[in-house]
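Given the coordinates of chain L, assemble chains G, H and C onto it according to the supplied hints.
Residue numbers (the working numbering), protein chains in the order written: chain L, 1 to 101; chain G, 1001 to 1101; chain H, 2001 to 2101; chain C, 3001 to 3101.
The set of hints was computed from the structure by calculation and includes no laboratory data. Certain hints may be false.
Derived, one-sided and incomplete: chain H residues facing chain C with beta-carbon distance under 8 Å [to be verified]:
#	residue
1	M2001
2	I2004
3	I2007
4	S2010
5	E2016
6	E2022
7	P2026
8	S2038
9	L2040
10	S2048
11	L2068
12	I2069
13	I2086
14	K2089
Each pair of labels, with its calculated beta carbon distance range [what the hints assert, rightly or not]:
#	chain 1	residue 1	chain 2	residue 2	range
15	H	I2095	L	A23	30 to 38 Å
16	L	K91	C	Q3003	49 to 57 Å
17	L	E54	C	E3022	14 to 22 Å
18	C	E3050	G	Q1045	14 to 22 Å
19	H	K2091	L	I90	47 to 55 Å
20	G	N1002	C	D3058	46 to 54 Å
21	G	E1022	H	E2050	12 to 20 Å
22	C	Q3051	H	N2012	43 to 51 Å
23	L	E54	C	Q3003	26 to 34 Å
24	C	D3058	L	E54	32 to 40 Å
25	H	M2001	G	A1023	16 to 24 Å
26	G	N1002	H	E2016	50 to 58 Å
27	G	N1002	H	N2012	49 to 57 Å
28	C	H3024	H	E2016	31 to 39 Å
Away from chain C, derived, C-beta distances all over 12 Å, residues of chain G [unchecked claim]:
#	residue
29	N1002
30	Q1009
31	F1014
32	I1031
33	E1050
34	Q1055
35	I1057
36	N1059
37	D1062
38	E1084
Every residue gets a Cβ at the ideal spot worked out from N, C-alpha and C, and that includes glycine.
Protein chains: 4
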Amino acid sequence: MNQIDAIIQSINDFREERNWGEAHNPKDLAISLSIEASELLEDFQWKSSEQAIEQNIDNIKDEIADVLIYAFTLSSVLELDVEEIIREKIKKNGIKYPVKK
Amino acid sequence: MNQIDAIIQSINDFREERNWGEAHNPKDLAISLSIEASELLEDFQWKSSEQAIEQNIDNIKDEIADVLIYAFTLSSVLELDVEEIIREKIKKNGIKYPVKK
Amino acid sequence: MNQIDAIIQSINDFREERNWGEAHNPKDLAISLSIEASELLEDFQWKSSEQAIEQNIDNIKDEIADVLIYAFTLSSVLELDVEEIIREKIKKNGIKYPVKK
Amino acid sequence: MNQIDAIIQSINDFREERNWGEAHNPKDLAISLSIEASELLEDFQWKSSEQAIEQNIDNIKDEIADVLIYAFTLSSVLELDVEEIIREKIKKNGIKYPVKK
Chain L
1 MNQIDAIIQS
11 INDFREERNW
21 GEAHNPKDLA
31 ISLSIEASEL
41 LEDFQWKSSE
51 QAIEQNIDNI
61 KDEIADVLIY
71 AFTLSSVLEL
81 DVEEIIREKI
91 KKNGIKYPVK
101 K
Chain G
1001 MNQIDAIIQS
1011 INDFREERNW
1021 GEAHNPKDLA
1031 ISLSIEASEL
1041 LEDFQWKSSE
1051 QAIEQNIDNI
1061 KDEIADVLIY
1071 AFTLSSVLEL
1081 DVEEIIREKI
1091 KKNGIKYPVK
1101 K
Chain H
2001 MNQIDAIIQS
2011 INDFREERNW
2021 GEAHNPKDLA
2031 ISLSIEASEL
2041 LEDFQWKSSE
2051 QAIEQNIDNI
2061 KDEIADVLIY
2071 AFTLSSVLEL
2081 DVEEIIREKI
2091 KKNGIKYPVK
2101 K
Chain C
3001 MNQIDAIIQS
3011 INDFREERNW
3021 GEAHNPKDLA
3031 ISLSIEASEL
3041 LEDFQWKSSE
3051 QAIEQNIDNI
3061 KDEIADVLIY
3071 AFTLSSVLEL
3081 DVEEIIREKI
3091 KKNGIKYPVK
3101 K
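Same shape as in the complex, but just chain L (with noise of 0.2 Å):
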């Protein structure tokens, strides 16, 4: 099994062990992901970079696992394949964003 597969694997025996599949639709978890995504600002807030990391660097790891986390969560759930997505991305964002020479 892959490195990341194996993480989602993790992360699913976690859930289910809770229960927490039905609750866990789509919708709900864009959500989570957003609300996730905005405790990992939070730490930057009225704060320069260095400040934040001075101050915050353990929540930073935890806020941005958090969003790690639901990422790996939705994509499992809408059942793709999280490299495969990341690499079709950056090839997308090859065209949109050419290198100047």
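Chains G, H and C in isolation, oriented as in the chain L frame:
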């Protein structure tokens, strides 16, 4: 190289080719992550999960990918190990939400 | 009629002419408000305040207006008095953040 | 003084008593507005509108108020007329979403 490091390598190569490194300070990356999470949520606005998936699945894929790309970039800039912060967060969540027997 | 009630009346007339009433449930209004706040933030992405104002002031006006329209709509749907909830929150904030002498 | 100007006056007095003026640059105000909108959305997370209102109406009031306070503060810092930007946006929306006969 493990799977996530290889993906992050591709993302970082992309950024370096475009000289985006300096502009990509952690605070603006956190802002960008929050904006992308919100664009993902927009695919579900005024819709049920089923309607959103039926009408917007291609864009949902792109937006989840954007969220992941920014989360990986921010992790890379902060020199965080993505798998490690996720596994530590799952442990914390296990204490916060114990399995009911 | 006071100023805010008159504005809310105009917003509600607009919605009723388009039969948006039923779709505008509080949860989707909260989602929409969050999306508009994020679109406002997008005007400041990768920019200083000064650059954002110089380049995007017209769009900033539109996005602040959208945030206010959704906040007023949600208040109206929930039958809240806008001035009252603001004045009560200022009181609470005054207890949370006392003036240092 | 009209109603909105009087409310903004109260908000500005509150900020000045605490010397928050300088810290309150437009970019961080936009960040804060986005965070508050997300905290409002959190009251609806994993819930129907009805459940959210039943369980969280007091906090919903506080969060809508916070959103409005930041939107008014940002308008004040940018010297925008709140009623004017809303009325102009309603006009634009009327062109974008014409009434179907």
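Whether the CB-CB distance between L:K91 and C:Q3003 falls inside 49 to 57 Å: For C:Q3003 against L:K91, whose Cβ atoms are near 53 Å apart, the range 49 to 57 Å holds.
H:E2016 as an interface hint toward chain C, with CB separation required under 8 Å: violated, 10 Å
Interface hint outcome for H:I2069 [beta carbon to chain C under 8 Å]: Given a least distance of 6 Å, the restraint on H:I2069 holds.
Per-residue hint verdict: H:I2007, partner chain C, C-beta under 8 Å: holds, 6 Å
H:S2010 as chain C interface residue, shortest Cβ-Cβ below 8 Å: holds, 6 Å
12 Å Cβ clearance of G:I1057 from chain C: holds, 23 Å
Per-residue hint verdict: H:I2086, partner chain C, C-beta under 8 Å: holds, 5 Å
Proposed interface contact between H:I2004 and chain C, which counts if any beta carbon pair is under 8 Å: holds, 6 Å
12 Å cut-off, C-beta based - G:Q1055 kept clear of every residue in chain C: holds, 18 Å
Reported absence of G:N1059 from the contact zone with chain C (all CB gaps over 12 Å): Nearest chain C Cβ is 20 Å from G:N1059, so the label holds.
Hint check, H:E2022 versus chain C [nearest Cβ-Cβ separation less than 8 Å]: violated, 12 Å
H:K2091 paired with L:I90, Cβ distance criterion 47 to 55 Å: Because 50 Å falls inside the window, the suggested range holds.
Hints 1, 5, 6, 22, 23, 25, 32 from the list above are not met by this structure, while the remaining hints are.
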